[in-house]
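Please model the complete structure; the sequences and the hints are all you need to start from.
There are 2 protein chains.
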Amino acid sequence: MLSKQKLIELFSKFPTIGPRTASRFVYYLIKLPREDFDNLLTAMKKLREDTRICSFCFNPYEKSDNDSPLCPICRNPSKDKTILCVVEKENDLLSIEKTNKYNGLYFILGGVLSGLSENDIKKIRIEQLEKRIKDADFKEIIIATNPTQEGETTALYLQRRLKPANIKITRLGRGLPIGGELEYADEQTLESALEGRK
Amino acid sequence: MLSKQKLIELFSKFPTIGPRTASRFVYYLIKLPREDFDNLLTAMKKLREDTRICSFCFNPYEKSDNDSPLCPICRNPSKDKTILCVVEKENDLLSIEKTNKYNGLYFILGGVLSGLSENDIKKIRIEQLEKRIKDADFKEIIIATNPTQEGETTALYLQRRLKPANIKITRLGRGLPIGGELEYADEQTLESALEGRK
Numbered sequence: 067m068l069s070k071q072k073l074i075e076l077f078s079k080f081p082t083i084g085p086r087t088a089s090r091f092v093y094y095l096i097k098l099p100r101e102d103f104d105n106l107l108t109a110m111k112k113l114r115e116d117t118r119i120c121s122f123c124f125n126p127y128e129k130s131d132n133d134s135p136l137c138p139i140c141r142n143p144s145k146d147k148t149i150l151c152v153v154e155k156e157n158d159l160l161s162i163e164k165t166n167k168y169n170g171l172y173f174i175l176g177g178v179l180s181g182l183s184e185n186d187i188k189k190i191r192i193e194q195l196e197k198r199i200k201d202a203d204f205k206e207i208i209i210a211t212n213p214t215q216e217g218e219t220t221a222l223y224l225q226r227r228l229k230p231a232n233i234k235i236t237r238l239g240r241g242l243p244i245g246g247e248l249e250y251a252d253e254q255t256l257e258s259a260l261e262g263r264k
Numbered sequence: 067m068l069s070k071q072k073l074i075e076l077f078s079k080f081p082t083i084g085p086r087t088a089s090r091f092v093y094y095l096i097k098l099p100r101e102d103f104d105n106l107l108t109a110m111k112k113l114r115e116d117t118r119i120c121s122f123c124f125n126p127y128e129k130s131d132n133d134s135p136l137c138p139i140c141r142n143p144s145k146d147k148t149i150l151c152v153v154e155k156e157n158d159l160l161s162i163e164k165t166n167k168y169n170g171l172y173f174i175l176g177g178v179l180s181g182l183s184e185n186d187i188k189k190i191r192i193e194q195l196e197k198r199i200k201d202a203d204f205k206e207i208i209i210a211t212n213p214t215q216e217g218e219t220t221a222l223y224l225q226r227r228l229k230p231a232n233i234k235i236t237r238l239g240r241g242l243p244i245g246g247e248l249e250y251a252d253e254q255t256l257e258s259a260l261e262g263r264k
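Line by line, the protein sequences are chains A and B.
Numbering of the first sequence is given in the working numbering, commencing with residue 67 and proceeding in unit increments.
Numbering of the second sequence is given in the working numbering, commencing with residue 67 and proceeding in unit increments.
What the hints contain is simulated information worked out from the structure, not anything from laboratory work.
Incorrect hints may appear among the rest.
One copy or two, either will do: identical chains are not told apart, so a pair holds if it fits within one copy or between any two.
[Claimed, not checked] Calculated cross-link-like contacts (lysine-lysine; reagent style DSS-like; alpha-carbon spacing at most 30 Å):
#: 1; residue 1: K97; residue 2: K197
#: 2; residue 1: K147; residue 2: K97
#: 3; residue 1: K234; residue 2: K167
#: 4; residue 1: K200; residue 2: K97
#: 5; residue 1: K72; residue 2: K129
#: 6; residue 1: K97; residue 2: K145
#: 7; residue 1: K167; residue 2: K145
#: 8; residue 1: K145; residue 2: K72
#: 9; residue 1: K97; residue 2: K188
#: 10; residue 1: K97; residue 2: K164
#: 11; residue 1: K112; residue 2: K189
Note that the structure is a prediction, hence the values are computed from the model and not measured.
Structure representation (C-alpha cells):
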C-alpha cells in the first residue's frame, strides 16, 4: 500500500477523525518543517515512555522518581477513600477533578455499553470495578456516565450489577443537558450536577 | 513540560484540531497496543521518506524507481499541457482529478489571501505561479479557489496580477454552494462547476 494511504487509514482510527481529516493530517505532516516533524515523533515516543496506567483507577499518569503503581490522585492521602466516582473515560475524570468539588477516588470504565450482550459487557472494566469495590470499603459509588443513551444503559446496568454489594449508589444530578457530553460541560453545570446527585 | 501537555500542544496545530480533541488523541495513543503504536510511528516516518513535492505543481507524491522531480500528473504525457488549474491545497487537486473531467495541469497555491498586504501575498506561491506561466505556453488558466471570502479575494487578486500575461483566465462555474469548501463538494457539483466555468 502507498505510505500515504496507510497513514490515512491509521489516522482515521483516531477519535473523531474520518478519512477526509486524516488525509489533511497527512498533507500537514508532509509539509511540516523537518525539525517540527522530529519533535512530534519524539514527543509521541516520550509520551509512551513516560506514561503509566494507574493500577487502581486506570488513569494514565507520568512516571516520576516515585515508583508507585498508583496515579497522583489515588496516592493522595487527603482524598476521601470511602467514595468512588465511576466515569467513562479519562477526560471525564479531568472535568470532574477541575470542579474542586469532589474529593474521592475515581474508576475509569474505558467505555460504555451499546448493548447488553456478553461481548458488549466484556469491552468495559466491570469485573475490575467489582474487584475494587470488593477489596475496599466504599460508602458511596457515584455513577458518572454521560447523559447519553449508551451512558444511561451503562448506568442502569451498573446499578443492577453492583446492588448486591449493598453500598449507596448515586447518579450525577440532571444539571447536565440530555444528549450532551460530560467532557464539554462547563464547571458550574458539573458542580450543580455533583451537588444535586441522587 | 509534561510530555502529555507537550503533545497536546503539538496535536493542536494539526488542521481542524483544538486542545480537547488533541487531548483525546493523547489518551488514544497511550492506550494503543504497542504494535499499533509502533506501526503508526513507522508509517509517519515512511511517509516523510517516501514523499517528494512536485517541482512543478507542488503536489506531494510517492518516490518511485523513476527519479523524476515531477509528480505522476505532471509527467503524464496524455495531459493537456496548455491548461493550468490553480487550487488552494492538495485535497482540492484530488477532488478535481476524481471528476475525470479535467485533463490539464495543476498548480497548488498553498493557501489563500486573507488580506492584500505584502506579508499576506508572500504566504502563497504567487511568484512561482508567475514563473510557471512565463516558462510555459498556457492557453487557459482556471482559478479554482474555494467560493469563500478568502478564496474570492485570492481569485480577484490573481486575475489582476496575471492579466498582463494575456492568457484566458477562467473561474469555476457557480455550481458550488457559497461558503462551502471545494474538498467537500460531491463529484457532480464539481463536474458542473468545471463545465460551467466562465
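Verification of the supplied hints:
1. K97 <-> K197: Result: close only across copies, 22 Å inter versus 49 Å intra.
2. K147 <-> K97: Intra 50 Å, inter 26 Å, cutoff 30 Å: inter-copy only.
3. K234 <-> K167: Answer is within; shortest intra-copy Cα gap is 19 Å, inter-copy 67 Å.
4. K200 <-> K97: Between. Shortest inter-copy distance 26 Å satisfies the 30 Å Cα cut-off; intra-copy 53 Å does not.
5. K72 <-> K129: Only across copies: K72 and K129 sit 15 Å apart there, 32 Å inside one copy, limit 30 Å.
6. K97 <-> K145: For K97 and K145, the Cα distance is within 30 Å only across copies (26 Å; inside one copy 47 Å).
7. K167 <-> K145: within (12 Å within a copy, 66 Å between copies)
8. K145 <-> K72: between (46 Å within a copy, 28 Å between copies)
9. K97 <-> K188: Answer is between; shortest inter-copy Cα gap is 17 Å, intra-copy 42 Å.
10. K97 <-> K164: Between copies only: 23 Å across, 37 Å inside.
11. K112 <-> K189: within (28 Å within a copy, 33 Å between copies)
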